[in-house]
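Number of protein chains: 2
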Amino acid sequence: MTALEQMGQQAKTASRKLLGLQQSRNAALLAIAEALREQQGNILTANEQDLQQARQNGMSQSLMDRLTLTPERIEGMAKGVEQIAMQKDPIGTVVEGGQLTNGLKIEKVRVPLGVIGIIYEARPNVTADAAALCLKAGNVVILRGGKEAFQSNQCITNIMRYAIASEGLPADCIQLVQDTSRESAREMMALTGYLDVLIPRGGAGLIRSVVENSRVPVIETGAGNCHVYVDESADLAMAADIIFNAKTTRPSVCNAIETILVHEKVAEKALPRIAEKLGEKNVRLHGCERTCAVLPQAIPATEQDWATEYLDFELAVRVVPSITEAMEHIATYSTGHSECIVTENFRNAQLFTAQVDSAVVYVNASTRFTDGGEFGMGAEIGISTQKLHARGPMGVEQLTSTKFIIQGDGQVR
Amino acid sequence: MTALEQMGQQAKTASRKLLGLQQSRNAALLAIAEALREQQGNILTANEQDLQQARQNGMSQSLMDRLTLTPERIEGMAKGVEQIAMQKDPIGTVVEGGQLTNGLKIEKVRVPLGVIGIIYEARPNVTADAAALCLKAGNVVILRGGKEAFQSNQCITNIMRYAIASEGLPADCIQLVQDTSRESAREMMALTGYLDVLIPRGGAGLIRSVVENSRVPVIETGAGNCHVYVDESADLAMAADIIFNAKTTRPSVCNAIETILVHEKVAEKALPRIAEKLGEKNVRLHGCERTCAVLPQAIPATEQDWATEYLDFELAVRVVPSITEAMEHIATYSTGHSECIVTENFRNAQLFTAQVDSAVVYVNASTRFTDGGEFGMGAEIGISTQKLHARGPMGVEQLTSTKFIIQGDGQVR
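Each protein sequence line maps, in turn, to chains A and B.
Counting in my numbering, the first sequence runs from 1 upward without gaps.
Counting in my numbering, the second sequence runs from 1 upward without gaps.
Same shape as in the complex, but just chain A (with noise of 0.2 Å):
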């Protein structure tokens, strides 16, 4: 058996113990939040250690930007762990029920998902964050993050176990993979007999490496190629507001918007007005042939331009002759996450809605609200694209299954 194996072993037993002790699952988490702040110490050394050593190897600022951890960022683990504590409980609602003719009460629970692994890169918050949204939906995880956060992480998964064991909860619910060689990635990929659903968290890369090859069941998040379609009826005012604020408010999120697509009829008075207002953040713009009549600042975009996720600020225009082509572009180069119509025309806003098919579609108003918190479900552990289990920002609740109880008094079929 090998050490990962053990470790799946260990989660099971502790995932079932976990369904024993529902009340003490809040408590647990409040125990995090407060061994975290005062274990604040320990784990900036531990972190210095995870900085000297991405120093000694070159790293880059950015990375070592995400990797450092500060008071401040400490302090905003342990508020984030406090407020999945506050959530509602999905564990137990009784999703749908009733009575069968023959008598038989039928229920439909939510229950947890059992063990899930989580493999993510270089951000030791995750840990703290991922390990606390399994536990608030009763689910034991299994977490496996980058090597340049080791210390890190495992500074902060230990403070963790401590302090759920302190609240009877087996320590096991929340495990860090040792072994972070890209091997061990692999294992976990086909670790089926122990976990349930594999997240990967981080760059397209990593996700797209783990949906190709993991046997485990895996839930997609993150990628965001999304648009903002500017109809021929829209208020251009409100146009040049929506895109300037889904482009430039955090270019590096997964719903910032990385091209527009513009209706010919309003092309040339709108492209000028969205260039002057994206002017003020510097937005570099790749445009289409029709794009660079109107405004010879743009780029002239390639092919490639229409599949790129930017995530800067850099923004790809297309001149389209109606909606449906507009639609056309978005169902060949969108990544399923979230796209806008502008429009003041009420058919349009139907069809737009009813045939983009996209995690979340916007009439009128930024993609930068596709988010758990935005949509009132609290911390999110991602934006599923995929069409199985869940779609758009996943919370507490997507982190569920449901099961069927089912009472009688001795019926047979």
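There may be inaccurate statements among the hints.
The list cannot tell twin chains apart, which means a pair is met if one copy fits it or any two copies do.
Here are the simulated DMTMM-like cross-link-like pairs (lysine to aspartate or glutamate), alpha carbons at most 20 Å apart as the crow flies [what the hints assert, rightly or not]: (1) Lys-108 - Asp-371; (2) Lys-265 - Glu-82; (3) Lys-108 - Glu-374; (4) Lys-17 - Glu-325; (5) Lys-105 - Glu-344; (6) Lys-269 - Glu-232; (7) Lys-403 - Asp-371; (8) Lys-79 - Glu-34; (9) Lys-17 - Asp-312; (10) Lys-108 - Glu-397; (11) Lys-403 - Glu-374.
For the record, the hints were derived by calculation from the structure and aren't laboratory data.
Model the placement of chain B on the given structure of chain A, informed by the hints.
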């Protein structure tokens, strides 16, 4: 581009067209039912070709039986499709909805999954049944049946394609893979760009192979190593009735039981009673040591017996010292389908339903009720034993996804 990729592309196109033709789905289903009846002669002729081939290849009698179509079976197929047409349409249902404090109107709406692949074996009736269920939920389907039933499947598919086209739907909403080699199944499992989900229907070997090898998300259905636990407080007459019903009414199906666990305090009284009842159907018993001491006719059970789905008039029997040991046994050997406790004790009923981690958990009722029709869900495509997406009977609603539709008047974040 391979033939299958081309099918995938056609399916994608049909899927998008179907989104705009929601009103025609039911008429198309009724047209299928009518066409199946009208073309009965052609279906029987095609089926006869498959049967001749099967006879030449020396196919077993039980497989021949599954392959054989009769006027009655074709009428059954047509009736099945009509019943699916009569079910409630899940598409467009608002699952949740409300208004956010910023004035955004948010709705979570039921939408089709998209393109569903079905891999099945030698039962031509699955062709009509699976296609109708997929279409009812607004999905497009790519069918890949066994080579033994190819002529029948081809004929039924063509009839369905013609029928739905007569109602204005793209014929490519229903496609049959022409290549029935193992290679085509493997290729389907890798068709991630076109298939949203893959559902294997058939024996345990087929399902395991698809679950282990598919890169397309899979819904795992089927295997049922189901248990009845006879608690020390059980009404023993009721226990014998439930066990008799759950084992003998249709032993070849997945909701039939394969092992019973009997509390040691009632074993001496219960076992002869249960054995007598099962004797009416000559059920072979495989017993643990303590069982064999009470029932000399029982064959000594091996470790292998606890994990076996007999799917026949055979049953494993184990005496357990406690409900905890019973639940331990179930956790070790169950496939997570359906389990039952027979008890008069309230606490034990609570404990068993809370802690047994299967799709359906019964108190004092036969596991044979695990069925879409019995649950009031209408026709089903199988019983899901996985925890993601759908668990338990998968009807039309379980063949859908959701998306969020958000309407604003210019909100930005």
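Going down the list of hints, with the structure as the test:
1. With identical chains, the CA atoms of Lys-108 and Asp-371 are at most 20 Å apart between copies only, with a shortest distance of 14 Å across copies and 27 Å within one.
2. With identical chains, the CA atoms of Lys-265 and Glu-82 are never at most 20 Å apart, being 51 Å at best within one copy and 47 Å at best between copies.
3. When the C-alpha separation of Lys-108 and Glu-374 is checked against a cutoff of 20 Å, the pair qualifies only between copies, where the shortest distance is 14 Å, while the shortest distance within a copy is 28 Å.
4. Taking CA atoms no more than 20 Å apart as the test, Lys-17 paired with Glu-325 passes between copies only; the shortest distance there is 14 Å, against 55 Å inside one copy.
5. When the C-alpha separation of Lys-105 and Glu-344 is checked against a cutoff of 20 Å, the pair qualifies only between copies, where the shortest distance is 16 Å, while the shortest distance within a copy is 49 Å.
6. Taking the shortest Cα distances, Lys-269 and Glu-232 sit within 20 Å of each other inside one copy (11 Å), while across copies they are farther apart (81 Å).
7. For the homomeric pair Lys-403 and Asp-371, the shortest alpha-carbon distance between copies (14 Å) is at most 20 Å, but the shortest distance inside one copy (28 Å) is not.
8. Proximity of Lys-79 to Glu-34 under the C-alpha cut-off of 20 Å is restricted to the intra-copy arrangement: shortest distance 9 Å within a copy versus 62 Å between copies.
9. For the homomeric pair Lys-17 and Asp-312, neither the shortest alpha-carbon distance inside one copy (46 Å) nor that between copies (34 Å) is at most 20 Å.
10. When the C-alpha separation of Lys-108 and Glu-397 is checked against a cutoff of 20 Å, the pair qualifies both within a copy, at 14 Å, and between copies, at 14 Å.
11. Taking CA atoms no more than 20 Å apart as the test, Lys-403 paired with Glu-374 passes between copies only; the shortest distance there is 16 Å, against 29 Å inside one copy.
When held up to the earlier numbered hints, the structure conflicts with 2 and 9 and fits the remainder.
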